[in-house]
Amino acid sequence: MPQAAISDGAAIQASNVSRYYRMGQDVVRALDGVSLEIRRGEFLAVLGSSGSGKSTLLNIMAGLDRPTSGRMLVLGRDLTALTSEGLAHYRRVTVGMVFQAFNLIGRMTVAENVELPMRFAAVERSERQARVLNALERVGLKARARHRPAELSGGEQQRVALARALVNRPAILLADEPTGNLDSRTAAEILALLHTVNQSLATTVVMVTHEEALARRYAERNLHLADGKLTAAEAR
Amino acid sequence: MKTSDLAGLAAQNFRESVLRSSLTTAGITVGVASLVAMLSLGIGLQRLADRRLERSGLFDTVVVFSPVRFAGLGRRRLGPAPHKSPPLDESARQTMARLPGVAEVYPDIRVPVLLRLGSRQRLTLVSGTPPSARSSDAFKGMLGSFFSAASPGEIILQTDLARELSSHPAALLGRQITLSYAERQTLPASAPAGKIAPNSENSNLSAGFSVIRRDKTLRIVGIVKREPSAGFSRFARDGALIPLALAESLNAPEPSSLTDALQNHPAQATYARLIVRVRSPQAIQTAESKIKAMGFRTFSLLDTTRNIRRFFAVLDLFLGIFGSLALIVASLGIVNTLVMAILERRREIGIMKALGASDSDVRRLFFAEAAVMGAVGGAFGTALGWAIGRLINAGANLYLRRQHFPPEVIWRLPWWLVVGAIGFSILVSLAAGIYPASRAAQLDPVQTLRYE
Ligand SMILES: Nc1ncnc2c1ncn2[C@@H]1O[C@H](COP(=O)(O)OP(=O)(O)OP(=O)(O)O)[C@@H](O)[C@H]1O
Ligand SMILES: [Mg+2]
Chain E
1 MPQAAISDGA
11 AIQASNVSRY
21 YRMGQDVVRA
31 LDGVSLEIRR
41 GEFLAVLGSS
51 GSGKSTLLNI
61 MAGLDRPTSG
71 RMLVLGRDLT
81 ALTSEGLAHY
91 RRVTVGMVFQ
101 AFNLIGRMTV
111 AENVELPMRF
121 AAVERSERQA
131 RVLNALERVG
141 LKARARHRPA
151 ELSGGEQQRV
161 ALARALVNRP
171 AILLADEPTG
181 NLDSRTAAEI
191 LALLHTVNQS
201 LATTVVMVTH
211 EEALARRYAE
221 RNLHLADGKL
231 TAAEAR
Chain F
237 MKTSDLAGLA
247 AQNFRESVLR
257 SSLTTAGITV
267 GVASLVAMLS
277 LGIGLQRLAD
287 RRLERSGLFD
297 TVVVFSPVRF
307 AGLGRRRLGP
317 APHKSPPLDE
327 SARQTMARLP
337 GVAEVYPDIR
347 VPVLLRLGSR
357 QRLTLVSGTP
367 PSARSSDAFK
377 GMLGSFFSAA
387 SPGEIILQTD
397 LARELSSHPA
407 ALLGRQITLS
417 YAERQTLPAS
427 APAGKIAPNS
437 ENSNLSAGFS
447 VIRRDKTLRI
457 VGIVKREPSA
467 GFSRFARDGA
477 LIPLALAESL
487 NAPEPSSLTD
497 ALQNHPAQAT
507 YARLIVRVRS
517 PQAIQTAESK
527 IKAMGFRTFS
537 LLDTTRNIRR
547 FFAVLDLFLG
557 IFGSLALIVA
567 SLGIVNTLVM
577 AILERRREIG
587 IMKALGASDS
597 DVRRLFFAEA
607 AVMGAVGGAF
617 GTALGWAIGR
627 LINAGANLYL
637 RRQHFPPEVI
647 WRLPWWLVVG
657 AIGFSILVSL
667 AAGIYPASRA
677 AQLDPVQTLR
687 YE
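If you read the protein sequences in the order shown, they are chains E and F.
Take the first sequence: its position 97, counted from the start at 1, is 97 in the working numbering, and no numbers get skipped.
Take the second sequence: its position 320, counted from the start at 1, is 556 in the working numbering, and no numbers get skipped.
Same shape as in the complex, but just chain E (with noise of 0.2 Å):
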């Protein structure tokens, strides 16, 4: 079985991933031929250009996207092989996504927007609020509960985007850019966040970013893309 060539701690296992886009006569290489592998547990930035493909491996990661060739393996499940359905549910229990854009639903208030990947899940109703109360304390913003979006500043969007990604207790979390639209400061709260969340909940954290001082600060190592390509992996 392929899954008994990934050592034990592995979280993600990439090999050779590829993500063609076709443009006519044009052939755009988003990603081109990118292999890793993260461990358990690990808190990972992946640091690029504009353009360098970023997003695309975090979008295949998360099972939003398929790769047009290679496979990626996360807990030993090959994501290539799973059907869209199975997709879904592998995003639902597996993984948490935070955006650069924040991403809440303005129509709903914040507790409803964190409750909302339960209610996917299929999570019981009567779990459902104190597990929506748990997130937000976590990310501080219990007395906001009842708000709209709308009338929270960034840094709280965000930290209300990651208590939604937390709330179905995923392995592993995926943050394309959490602090691309935020001031320093407010960013470096955010990476203070995911560092928490990865140090007491052991949650694997995959972080793309454009700022290299916060991804040296906080993560334990950093990959970088270019033009689909890995340039270089550094420890800290």
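No lab work stands behind these hints: they were computed from the structure.
Be careful, since some hints might not be right.
Only part of the chain E face toward chain F is listed, based on derived beta-carbon distances under 7 Å [to be verified]:
1) Y20
2) L64
3) R66
4) S84
Label pairs and their calculated CB-CB ranges [what the hints assert, rightly or not]:
5) F:A549 with E:E124: 46 to 54 Å
6) E:N134 with F:Q678: 30 to 38 Å
7) E:N134 with F:A243: 23 to 31 Å
8) E:E124 with F:N572: 36 to 44 Å
9) E:A226 with F:N572: 24 to 32 Å
Positions of the beta carbon are idealized from the N, C-alpha and C atoms, including for glycine.
Fit chain F with the ligands to the given chain E structure using the hints.
Here is chain F with the ligands on its own, set in the frame of chain E:
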């Protein structure tokens, strides 16, 4: 995703986009309202016609004839040969009364009488009238009243006859009238021995009857109009009407008495005609065929009722088609609203997928929103249709009153139509949701989440 969560999300989305949802829902409301109004009108008219048919006494009646056939007269096709038929007697009457759907069976008795009032006298036919005839349309708007149950000595006159008896017919009410008739008296079972020649050939002449003139004084309680349709109607064709029990007690000879005297023992009197009244026009077919199977000749206006029913079935169908068309046009609004919602909520759909919603969750969510619009529109539409129906009814009755007709219910909203209309509305809405829902489900989350 659980159904309750699905419904909750759908209801929330419905509420949040109030303006667009409510415009679409208004469209469905109008569609359902027209469907409900048209169908309830169709049903109401059908019921009105049914009620009319029932009360007219034309279409709920089978006339059963005595099976007597005179040999050599070549009218074979009218019925079975007499030797195959049982006599139309009391036991046949009981059997018919027990048939399913049969309300009552009574003899059709018409007796030639001489009516005398003061100096005037007229020869006419009176017919026996069962108490159940009280509700017949023939007695609507009559002068005076129908027979009281208590007193048997009453008579109702036909307008024409009343005019012949008095220049002020209305003044006849309450007055006494003398009715002379011929009574049939059965001869003693055996002729007094010795008085008639003890001829062996005549020894079984014991069967027979004599006819004696009798007088009876009756009180005039009502005067009834002869309706144009009275040619068929049982209750308005003869000169006068008397209670059925009275008519039976007159013991007047009938044509069948003659053949009875020849064929049977006179104690086994048979009826010339029986009238079988069924509970509803629908029951007439089975009743008539069962009676035919017993070996009797029958007559009914069955074919006429069948045509009337067919007309209403077609009318209902057309009204339903027009109503449904309105609903289907309205459902295009649902398609539009949901497609707009997809464009507007592209990003939201992407977010939900990123949070673990499956394609089928998204599809079901859009279906549920379509169903919510269908259900709300269906409920409001049924209410509106009900109101429109009431209005039509009120308007029609206003018109009827102006024309001096009694009010009628021309509109009915049975409970099954309420349930059916809302259900149909949801069904049409779901069908309208198929395309938008599958488009929403197929959205690529990566594309929808790409840039702000
Ligand atoms: N649907 C698409 N069609 C064509 N090309 C695409 C498509 N999606 C992504 N690409 C290309 O793939 C490459 C990688 O895109 P990706 O979004 O992964 O970059 P990124 O590293 O996340 O950039 P940024 O830092 O700006 O977010 C880019 O050159 C982009 O233009
Ligand atoms: Mg990106």
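Hints, one by one, checked against the model:
For E:Y20, the shortest C-beta to C-beta distance to chain F is roughly 14 Å, which exceeds 7 Å, and the interface hint is violated. Interface restraint check: E:L64 against chain F, minimum CB-CB distance 5 Å, threshold 7 Å, status holds. Given the 7 Å rule on beta carbons, the hint for E:R66 is violated: about 10 Å separates it from the nearest Cβ of chain F. The beta carbon of E:S84 comes within 6 Å of a beta carbon in chain F, closer than 7 Å, and the hint placing it at the interface holds.
Range check, F:A549 to E:E124: Cβ separation about 52 Å, and the 46 to 54 Å hint holds. The given range of 30 to 38 Å is respected by E:N134 and F:Q678, whose C-beta atoms sit roughly 35 Å from each other. Checking the proposed 23 to 31 Å range against E:N134 and F:A243 shows it holds: the Cβ atoms sit about 26 Å from each other. Between E:E124 and F:N572 the beta carbons are some 37 Å apart, a value that agrees with the proposed interval 36 to 44 Å.
Look at E:A226 against F:N572: about 47 Å separates their beta carbons, and that is not inside 24 to 32 Å.
In this structure, the earlier hints numbered 1, 3 and 9 are contradicted, and the remaining ones agree with it.
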